[in-house]
Amino acid sequence: MTQPFICWTAGVGAADATWAGGKAAALGELARAGLPVPRGFVLTTAAFLLHMDGVDPDGAARGTLGALAADDLAGIARAAAGLRARVTATGLPPGVASEIAPACAALGAGPVAVRSSATMEDSPEASFAGLQDTYLAVRGTGAVLDRVRACWASLYNDESVTYRRRQGTSEDGLAMGVVVQRMLNPRSAGVMFTRSPVTGDRSVVAIEGTWGLGSALVGGEVTPDSFTVSKVTGEITGRRVGVKLRVHSFTPNGQGISATPMAVPLRRTPCLTDDETRTLARVGQQVEDHYGTPQDIEWALLADSPADLADLADRFVLLQSRPETVWAARDPGPIASPQAKASDHVLARFSRRL
Amino acid sequence: MDGNVSGPRFPLPSEIADVPGAEGWRSMYPYFTRFQPDDDKRFWFYNSMHFPEPMPAFDTITAEVPYSAIGANTARVFVFPTTLGIEHRIVNGRVYITANPVTDPDEIGRRAAVFGERAGYYYENWDTLYQGWKTRIKGLIDEITSITVPELPEFDDAAVVTESRGVAQNHYVRENFHRCIDLFSVMWHHHTEFLMLGYGAYVVFFQFCKQAFPEISDQAVARMVAGIDVIMYRPDDELRGLARLAVEAGVDDLFTEGCSSTAVLTALAGRGEGGQRWLSAFERARDPWFNVSTGDGFYHHHRSWADDLTVPFAALPRYVAQVRDGLLADRPTEALRAERDRIASSYRDLLVSGEEKAAFDQMLGLCRVVFPYVEDHKFYCEHWFTSQFFSRIREFGALLARSGVLAEAEDIFQLHHTEVDQALSDVMLAWAAGAPPLGAAHFRPIVAERKRMLEALRGWSPPPALGPVPEALNDPAVHMLWGVTQQTIEAWLQPAEGEIRGVGASSGVVEGPARVLTDVNQIGEVRDGEILVCPVTAPSWAPVFGKIKAAVSDIGGSMSHAAIVAREYGMPAVVGTGDATKRISTGQRVRVDGDRGIVQVIA
Numbered sequence: 270m271t272q273p274f275i276c277w278t279a280g281v282g283a284a285d286a287t288w289a290g291g292k293a294a295a296l297g298e299l300a301r302a303g304l305p306v307p308r309g310f311v312l313t314t315a316a317f318l319l320h321m322d323g324v325d326p327d328g329a330a331r332g333t334l335g336a337l338a339a340d341d342l343a344g345i346a347r348a349a350a351g352l353r354a355r356v357t358a359t360g361l362p363p364g365v366a367s368e369i370a371p372a373c374a375a376l377g378a379g380p381v382a383v384r385s386s387a388t389m390e391d392s393p394e395a396s397f398a399g400l401q402d403t404y405l406a407v408r409g410t411g412a413v414l415d416r417v418r419a420c421w422a423s424l425y426n427d428e429s430v431t432y433r434r435r436q437g438t439s440e441d442g443l444a445m446g447v448v449v450q451r452m453l454n455p456r457s458a459g460v461m462f463t464r465s466p467v468t469g470d471r472s473v474v475a476i477e478g479t480w481g482l483g484s485a486l487v488g489g490e491v492t493p494d495s496f497t498v499s500k501v502t503g504e505i506t507g508r509r510v511g512v513k514l515r516v517h518s519f520t521p522n523g524q525g526i527s528a529t530p531m532a533v534p535l536r537r538t539p540c541l542t543d544d545e546t547r548t549l550a551r552v553g554q555q556v557e558d559h560y561g562t563p564q565d566i567e568w569a570l571l572a573d574s575p576a577d578l579a580d581l582a583d584r585f586v587l588l589q590s591r592p593e594t595v596w597a598a599r600d601p602g603p604i605a606s607p608q609a610k611a612s613d614h615v616l617a618r619f620s621r622r623l
Numbered sequence: 363m364d365g366n367v368s369g370p371r372f373p374l375p376s377e378i379a380d381v382p383g384a385e386g387w388r389s390m391y392p393y394f395t396r397f398q399p400d401d402d403k404r405f406w407f408y409n410s411m412h413f414p415e416p417m418p419a420f421d422t423i424t425a426e427v428p429y430s431a432i433g434a435n436t437a438r439v440f441v442f443p444t445t446l447g448i449e450h451r452i453v454n455g456r457v458y459i460t461a462n463p464v465t466d467p468d469e470i471g472r473r474a475a476v477f478g479e480r481a482g483y484y485y486e487n488w489d490t491l492y493q494g495w496k497t498r499i500k501g502l503i504d505e506i507t508s509i510t511v512p513e514l515p516e517f518d519d520a521a522v523v524t525e526s527r528g529v530a531q532n533h534y535v536r537e538n539f540h541r542c543i544d545l546f547s548v549m550w551h552h553h554t555e556f557l558m559l560g561y562g563a564y565v566v567f568f569q570f571c572k573q574a575f576p577e578i579s580d581q582a583v584a585r586m587v588a589g590i591d592v593i594m595y596r597p598d599d600e601l602r603g604l605a606r607l608a609v610e611a612g613v614d615d616l617f618t619e620g621c622s623s624t625a626v627l628t629a630l631a632g633r634g635e636g637g638q639r640w641l642s643a644f645e646r647a648r649d650p651w652f653n654v655s656t657g658d659g660f661y662h663h664h665r666s667w668a669d670d671l672t673v674p675f676a677a678l679p680r681y682v683a684q685v686r687d688g689l690l691a692d693r694p695t696e697a698l699r700a701e702r703d704r705i706a707s708s709y710r711d712l713l714v715s716g717e718e719k720a721a722f723d724q725m726l727g728l729c730r731v732v733f734p735y736v737e738d739h740k741f742y743c744e745h746w747f748t749s750q751f752f753s754r755i756r757e758f759g760a761l762l763a764r765s766g767v768l769a770e771a772e773d774i775f776q777l778h779h780t781e782v783d784q785a786l787s788d789v790m791l792a793w794a795a796g797a798p799p800l801g802a803a804h805f806r807p808i809v810a811e812r813k814r815m816l817e818a819l820r821g822w823s824p825p826p827a828l829g830p831v832p833e834a835l836n837d838p839a840v841h842m843l844w845g846v847t848q849q850t851i852e853a854w855l856q857p858a859e860g861e862i863r864g865v866g867a868s869s870g871v872v873e874g875p876a877r878v879l880t881d882v883n884q885i886g887e888v889r890d891g892e893i894l895v896c897p898v899t900a901p902s903w904a905p906v907f908g909k910i911k912a913a914v915s916d917i918g919g920s921m922s923h924a925a926i927v928a929r930e931y932g933m934p935a936v937v938g939t940g941d942a943t944k945r946i947s948t949g950q951r952v953r954v955d956g957d958r959g960i961v962q963v964i965a
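Line by line, the protein sequences give chains A and B. Heads up, the first sequence is in the numbering used here, so the first residue is 270 and it goes up one at a time. Heads up, the second sequence is in the numbering used here, so the first residue is 363 and it goes up one at a time.
This is chain A alone, in the form it adopts within the complex (with noise of 0.2 angstroms):
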């Protein structure tokens, strides 16, 4: 079966992670599900594998990486950026290169976001996340065309590498997917857990945020505000204002994005209102009720804007989504079970030391 070079995101689901990569499948699910992520488009596998047959035409250089034992961290660091800087000098096959360019197009002119959609990363059995490279705020097709070039090379970075090579992964038909999706001016974002990292309590949704773009805040470059919000009564039982020195926004007129001093009166503002915060806990509970697990959800909030944003939870916008790892690996078992007589509860309770 031929595999496109392109695929509209929303044309993918949680089944097409290995040729779309997890990223793109996840977003491809949430938009299916009706919950709000931006348009973007993803390079299949195929169209990393087309490159990679014209950097490393006989697989002899992943073949030599696949060789290196895993504490070899010389070896592994000299074979890697060779081959990286092979895969950001190589020309992109023109076949894929003629897609992206309509399809950027279509995107509209504003910044765009160029991210890794690894086959292995978000996945709960192997967390590969963080490994591979984002690149925010993307301006121009020829940029999108480096950046996606960059994205590939991140699955040769010397700390990817060394994971595989510790797990026994093979080099061999290893292959990536990079999302490219347009990227909106959130005047808030951040991540939620839909059940409580803290204390894995399933019945409250954990919000973390900050003031602008959510790279601030996974960078740690800020104290985030964090709330709980209870799924069942839609009260907030948990507020802690951070202090958010620093605000992460676009570059005017260039690549990237820059981080600024906070403007001070609003470094211990919380970044979203009370209704916000319920309303985004709702988008997660949405998101949760989905999956049918806890999730680990990327979010932003649109600028505040006029009416045709009309409904709340049509400024949220949903970045990321994958299952929640660290409390669904843990089982506490049951903390109580049924007695003869629901009296018995109260006497075994009162009968031993508070």
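Please keep in mind that the hints were generated in silico from the structure rather than gathered at the bench. Misleading hints may appear alongside valid ones.
Some chain A residues close to chain B (C-beta under 10 angstroms, calculated; not the full set) [as the list claims (entries may be wrong)]: (1) A366; (2) S465; (3) S472; (4) A475; (5) T497; (6) V501; (7) I505; (8) D613; (9) H614; (10) L616; (11) A617; (12) S620; (13) R621.
Subject to a maximum C-alpha distance of 30 angstroms in a straight line, what follows is the list of computed DSSO-like cross-link-like pairs (lysine-lysine) [as the list claims (entries may be wrong)]: (14) K572(B) / K610(A); (15) K496(B) / K610(A); (16) K719(B) / K610(A).
Every beta carbon over 12 angstroms from chain B, so not counted as near; a handful from chain A, in silico [to be verified]: (17) R301; (18) A330; (19) G360; (20) N454; (21) S484; (22) I526; (23) Y560.
Even for Gly, the Cβ is constructed at its ideal location relative to N, Cα and C.
For this one, chain A is given, so just place chain B on it according to the hints.
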């Protein structure tokens, strides 16, 4: 509760100085309420939930008798394994309490065997026993209501002779007074008969929920258990009915903001058939539903609606206006029940295992069995019975005033009940002897001095707690009835600047002008849109919840009445703040965050 003597601590009882001008406060209270030297080693907290004001001498009976009854039931009757009773002390007119734990594992085990049999019997037969309880309590109410004070006329009734009773009226002065005291004690024994078992079932469910859902709010647990047809809503429902009738009968024009009950009732008598219809409905509602104290039944001056119509007549104009505008809705009981069941089944669905779900069903089921008692007993005990009790005592006060011992009937509440005994003996003797009683010279100066001291004591800010900080505070009664937890104690130790912390009892965030009420008799002053700040609220305050935007109280937990009523009205509430009434002034703009349990003074 023993504390860690070398760690952080509150002022020690022995360090509390007498309030200037009230150095003689000890003379008002019995010796057994005084702090002892060894009490410095224990943790005590100010029971401002029940006793937010300095105690008049008579009113100490509302500490003495309840603590005598609750301890008897927990320690001696049901033999709770890990807790004995509550001790109380009075300093500068304020009641401090501590709970006595059982810590020796052998002793706990020995007690547990007895407890299992006795408590098990009550749980298994709860509904039947509770029905019997209601019958007994109503019997007590009938009896306290029917007690009379002898008139002591010049000549006794002829019937004493014709029925050869052989006992003259003056005997019944003491017997009937003692009967009042005895009935008060019997009522409190019954009050606490089910209390700890009822709350115990709740604590177990509560702790299960906290373990299964570590971040669940106290109020979410409470909402799963809350009854819908709760008797404490009935007085307010009666007022709504009266408001409807006022409009229907065409007499609604009389109910205007600030109207006086006397003026309205007088005017109604002259308003023909409509006025008569309203007045007879009013009389029917009044007995028994106006037997709600404007406080919590712990002070003689917290008069009931029946005694003092200020509260109902402060609420009626608003309800009448709502009827006219078509806005007065009944309590949406079906919607409330559906929401309660939705919350419970949502949490149940979130439980992972079938075993947990089955245990959840048992615990919640038991809570719902015991909750009619938990929610309704206060109406019967603290309100209906106690309103009648204080009315009878007041009638004995009137006898003392007629005899000249006291200047006025209310002065009886400045005497301890054992002193009232003496004053009544004086009156009995004087009537028999045909001589004037000697009490005026003795008691009148005492009463005057005590009133003066109480005024001085009123200005004292009692520390929220005394003594060393306890290493662990998880007494179920202390947590459930008083809302005092380890967190509360930490907040008491380190009050934050400009931020008042308590228990978030009902969710939401609002801002508005504060109305600080230190005395429940000021309840008529509350205006629309204000935020009520008070020491504690009671069921009879329900009508005022129709006016306010949020409620803040010094004392109370997630099951306190302020919390329950606020949730019902869907308004934010923060309870158990410790000292909000002292740190907030009427008119200040405050922000109440019922989710986080924080109150901030904005301007």
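Here is how each hint holds up against the structure:
no.: 1; hint: A366; in the structure: violated, 50 angstroms
no.: 2; hint: S465; in the structure: holds, 6 angstroms
no.: 3; hint: S472; in the structure: holds, 4 angstroms
no.: 4; hint: A475; in the structure: holds, 8 angstroms
no.: 5; hint: T497; in the structure: holds, 6 angstroms
no.: 6; hint: V501; in the structure: holds, 4 angstroms
no.: 7; hint: I505; in the structure: holds, 5 angstroms
no.: 8; hint: D613; in the structure: holds, 8 angstroms
no.: 9; hint: H614; in the structure: holds, 5 angstroms
no.: 10; hint: L616; in the structure: holds, 5 angstroms
no.: 11; hint: A617; in the structure: holds, 9 angstroms
no.: 12; hint: S620; in the structure: holds, 4 angstroms
no.: 13; hint: R621; in the structure: holds, 7 angstroms
no.: 14; hint: K572(B) / K610(A); in the structure: holds, 22 angstroms
no.: 15; hint: K496(B) / K610(A); in the structure: holds, 25 angstroms
no.: 16; hint: K719(B) / K610(A); in the structure: holds, 15 angstroms
no.: 17; hint: R301; in the structure: holds, 25 angstroms
no.: 18; hint: A330; in the structure: holds, 48 angstroms
no.: 19; hint: G360; in the structure: holds, 54 angstroms
no.: 20; hint: N454; in the structure: holds, 29 angstroms
no.: 21; hint: S484; in the structure: holds, 28 angstroms
no.: 22; hint: I526; in the structure: holds, 33 angstroms
no.: 23; hint: Y560; in the structure: holds, 16 angstroms
In summary, the one numbered hint that this structure violates is 1.
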